[in-house]
Amino acid sequence: MTFPILSIIVFIPLVAGMLILLFPGERKTEIRVTALAAATFALFLSAWVYAEYLVKGLTGYQFQEYVEWLPALGIGYHVGVDGMSAPLVLLTGVVMFTGVLISWGIEDRPREFFAFLFILASGVFGVFVSLDLFQLFFFYEIAVFPMYLLIAIWGWVKTREYAAMKLTLYLFVGSVVSLVGALAMYWTSGMQTFDMLQLERAGFSAEFQRIWFLPVFLGFAVLGGIWPFHNWSPDGHVAAPTAVSMFHAGVLMKLGAFAALRVGIMLLPEGAKYWSWLIMAFAAIAVVYGAFIAFVQTDFKYMVGFSSVSHMGLVMLGFSTLNQQGLLGSGVQMFSHGVMTALFFAVVGMIYDRAHTREIPELGGMAKVMPFAGIGFIIGGLVSMGMPGFSGFVAEFPIFMGVWKVQPWVAIVASISIVITAAYIMRNIRDVFFRPMPEHLEGHISDINVLDKIAIVLLCLLMVGLGMIPSLMVPMVQSGVDNILRLLGGA
Amino acid sequence: MDFLNTNLLSLILFSPVAAALIIFFLPRDEIKLIRWTALIASLVPFALSIYLWVNFVPDKQGFQFEITYTWYAAIHSSLHLGVDGLSLTMVLLTTLLTPLAILASFTISEKVKAYMMLFLFLETGMLGVFVALDLLIFFVFWEIGLVPMYFLINQWGSANRNYASLKFMIYTMGGSLGLLLATQMLGVAFGTYDLPRLFELWPSAQVLTNIPPWLTVSTIKTIAFWAFVIAFAVKVPLWPFHTWLPDAHTEAPTAGSMILAGVLLKLGAYGFLRLVLPLYPEQAKYFAGALAFLATAAIVFGAFGSYGQTDFKRLVAYSSVNHMGFVVLGIAAAAAASGTTDAHIALNGAILQMFNHGLSAAGMFFLVGVIYERTHTRNLNDFGGLFPLVPVYGGILIFTSMASLGLPGLNGFVSEFLVVRGAWPILTTYTAISMLGLLFTGAYILKGIKQVLHGPLNEHWAHGEHKLTEINTREIIVMAPLMALILVIGVWPAWILDVINKAVIALF
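Protein chains in written order, with this note's numbering: chain A, 92 to 582; chain B, 933 to 1440.
Warning: the hint list may mix true and false statements.
What the hints assert, rightly or not - Facing chain B, from chain A, some residues (calculated, C-beta under 7 Å):
| hint | residue |
| --- | --- |
| 1 | A275 |
| 2 | L419 |
| 3 | P462 |
| 4 | M492 |
I should point out that these hints are in silico values taken from the structure, not numbers from a laboratory.
As the structure is a prediction and not an experimental result, all values here were calculated from the model.
Backbone N, C-alpha and C fix where the C-beta goes; we use that ideal spot for every residue, glycine too.
Go ahead and model the full structure; you've got the sequences and the hints to work with.
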């Protein structure tokens, strides 16, 4: 039997979470060290998987494990990664590791906090490696549920209950709709299996695919923040504590996009072709509208939240092209945006912890006291505006190329978002970091600690490295895209 | 030597980045060490580009020192570098001006480390545009140069820097949006971004996939042509896209203005020559009149605008609009009658004018900076009669101004004469109006000299703590190479025109 590396990655956080719960609540240092050790181990293993996939130039589903679970219903435990999911596994490892680093100072019940965060992480890892539809839903719900507690307990006092409830309701409704679609696939295929690799070959009729594509795709895409179902996401981002926002925007939204791709597009390719115009319209609106709304925010965190809507719109835009460039760009964008937005929320959190306000007009002069955070935010901002030389460009450029192939007008309209994004990012860098510091903050702001710096450096290196050398990721995403194109019938 | 010859361009291109990384690891407080490291490091690409110039064979057709590295294979873009006579001239200009600008920045004492690193990044960004032979790589470097410039203005600029830097950034990014989209369209249509390939494929393309049926190929080409033109016109800048320039130039730190005027504006003109003319010969010919109109407007309005300023630095800034107008006039003439001798003459003039303006504008901005550092004012009305106080500075200022004015015997005359001589038979009316513009060039330059050096002495600068000090040795060292080249090109332009002319004949 081969080394079950993926299962270990999936269950490390869960086991660590349980272990942490066994500690007495006041032994905070032990809890933190355990959390960091588990996160480091998970990061190491996910980087291993990624590196092995990349260096060996693998294609298709690798590191597969299969165990029968409920054979009567055709449910199995089946995991594996392909070129699309391997970067996302790495992303989860990175966000988990950096999330633990910057949450080191949490004083309010760190035991429960880390435990819930790790259960969430297990769910996320689980979705990315699932090759069984039922199992995918199982992990999906595991990923969504702790979110409610994390926001409602540790969130921003003013809106946490509202935001947590809104988020949970939106996501549960979305997943139920998708689940109905999945059950429809199960019964219609007549294959008595939930295994996605088999369902790919089910040969659903075109009519069936057209009916069920929209519920399945949109149900998952709610978590991807697709317009007009994005409404929960900025509220959720803002109310969540820093590490949870990082997870939420960095990884959870990718979960929605990824599941929409894997279940919606890959299992129902005919439906995807039929409805791609609608997805494209939604995505294009999200891209431009999200950027506009981000532009007018005065709350720093809301600005980042809406920028996520805009950037996830680009992921959906890439999906909707159903061609090589668009899908490739989306694959890279999921990783790039995950790293970037995790960095954004980390920096926003660091500033909020010190200034106790997120109102941009009340902030200023942060670059002097926390130069590291400033440089990190600038690099993130450059990624966000798609500046060449950074990962955002490597992702966005192929997406726009893909859109050109299908609908040049949409590419032209969506490109407006680039300038709007540049405008609000540069304005915020100027206001928050370089404007003279307001008097009431003078002397109250301290520099970030070394753990925060490690987190920022790691995230920045990933973005710059990928931007300079796209072949660190592109070939493997390419292999994942080829597989999707095969299902789409060489389209 | 073999290694050097093969990788020469990538060494020139990336040695500033390497230097910036070295500086990153130097201690922050060792200001002197950082300054000298930056200066010496910036001499490396200069030395290499002199080696490049010497080993370049002007008579050979096509690109030399070509090299290709894999970059983004999935969308068929590779790091393809190469130079011809056109880009070689610009590479030399860039690597020459950067060390001078760094030497000029020795007075910067705040955040020196970040400043020097940004400057070196900026150099790589500019060089990348000049040596790129891949449309996507061209765009990458085109955009990436904005970032260091933004921060140079925003962090080390003067009072209104926030407004100016954001305007610079948004203007240029907005202008480049069309370029980005048109680049993507070309990439999608031909599956390659390699420029030599696109030069063959695109101008003769009759059929394009994926275009809406109600649009013809020539409409698409016209739209794409304007997308390119606007991106470059913003950078040059052509009237009416020039309004970012006076703000950015005025607010930037001295060395930033030197590079902005000396090299960054040339990126726009280079874009016209490298991309617009070869990719869109028909459209360029058809719209040559419009380009000439904009160029003439830039020449005339630039001169008027310059004359109307009371701020010394703004005066010099508007003069750039005026001088770059001649570059575009030459390009428009070449577009209208490509292949003729007149067109070749005009283009020779345009390219030489790019080089010359790089020298004189950088010099002028530096001289403005020299006096600003001593007086902390740029208001022309605050000066007056300073010549007796600072005779050496006065002499240098007059010399450089005369180059800018186009005095025969100095470099500006050679290039402007060539442009006008070449453009006259092709675009007679516009050229005639432009020559009237030259009159105003004389007027504003003399106004600047008069207000600063001549007239009644402003006693404020003559005594006590405000007593004006003479230009120092370091500052003279910055000016010396510029002045030498201004004179050499003015008297004996053949050495550089030979390289330019052969490139022009081969290209157009």
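Verification of the hints:
Interface restraint check for A/A275: the shortest CB-CB distance to chain B comes to about 35 Å, outside 7 Å, so the restraint is violated. Because the closest C-beta pair between A/L419 and chain B is about 6 Å apart, less than 7 Å, the hint holds. Interface restraint check: A/P462 against chain B, minimum CB-CB distance 9 Å, threshold 7 Å, status violated. At a threshold of 7 Å, the smallest CB-CB gap from A/M492 to chain B is about 5 Å, leaving the interface hint in force.
Checked against the numbered hints listed earlier, the structure breaks hints 1 and 3; every other hint is satisfied.
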